[in-house]
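Trainee: Sequence:
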Amino acid sequence: MSKMDIWILTLIPIYIFYITFLGLIMFARRFKAVKNHKIKLSYFRSYQEESPQDLKVVQNHFSNQFEVPVLFMITCLAIAILHQGKPLLFILGVIFILLRMGHSFIHLGSNNVKHRALVYFTGIFVLLVMWVALLISY
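Residue numbers (our numbering): 34 to 171.
Don't take every hint at face value.
[Claimed, not checked] Restraint ranges, calculated between C-beta atoms of paired labels, are given here:
#1 Val165 / Tyr51: 36 to 44 Å
#2 Thr155 / His70: 38 to 46 Å
#3 Thr155 / Ile58: 17 to 25 Å
#4 Ile124 / Val90: 25 to 33 Å
#5 Pro46 / Phe138: 17 to 25 Å
#6 Ser75 / His148: 31 to 39 Å
#7 Leu115 / Ala150: 44 to 52 Å
#8 Ile169 / Ile52: 27 to 35 Å
Hints were generated in silico from the structure; no laboratory data involved. Every residue, glycine too, gets a C-beta built ideally from N, C-alpha and C.
Put together the whole structure using the sequences plus the hints.
Mentor: Next comes the structure, spelled out in structure tokens:
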């Protein structure tokens with residue numbers, strides 16, 4: 034395994050730490066909602082009751098981290114397993130993570146749907162470019 038393969042693999046725990054950070058944000062917002070009596074603790078039994086919009090947003094955002102980002106992690110694993118680690122793929126991986134962070138900033142902040150969609154689809158495009166580059170180099 035080359036050093037670049039290892040660098041590519043390091044993107045996975047970096048993203049996992051980021052997901053953990055988002056989980057802590059979600060926990061803090063949930064705790065605050067219960068503390069301020071915006072929702073009852075029983076809400077978390079089945080999530081069937083109505084909850085504040087900001088809580089729904091953070092919960093949905095956290096769930097989103099187990100969709101497209103999982104494809105990113107699979108991409109990183111495929112690159113390393115096939116020994117195709119290249120600086121371009123590493124840079125694209127970093128760009129993907131930065132775009133996901135930007136997506137979080139928008140989604141959990143202003144929640145401007147146009148800006149969020151632009152960042153989201155740019156991330157999808159970067160992931161697609163990573164796969165095309167991997168297939169070409171392999």
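Trainee: All the hints need checking, so say for each whether the structure fits it.
Mentor: Outcome of the hint check:
1. At about 25 Å, the beta-carbon gap between Val165 and Tyr51 misses the expected band of 36 to 44 Å.
2. Checked against the hint of 38 to 46 Å, the C-beta distance between Thr155 and His70 comes to roughly 40 Å, which is consistent with it.
3. Remark: the range hint 17 to 25 Å for Thr155 to Ile58 is upheld by a beta-carbon distance near 23 Å.
4. Separated by about 31 Å at the C-beta atoms, Ile124 and Val90 satisfy the suggested range of 25 to 33 Å.
5. Between Pro46 and Phe138 the Cβ separation comes to about 21 Å, which falls inside the hinted range of 17 to 25 Å.
6. Ser75 and His148 have their C-beta atoms about 36 Å apart, which keeps the hinted 31 to 39 Å range intact.
7. Distance hint check: the CB atoms of Leu115 and Ala150 are about 32 Å apart, inconsistent with the given range 44 to 52 Å.
8. For Ile169 and Ile52, the hinted distance range of 27 to 35 Å is satisfied, since their beta carbons lie about 30 Å from each other.
Checked against the numbered hints above, the structure violates hints 1, 7; every other hint is satisfied.
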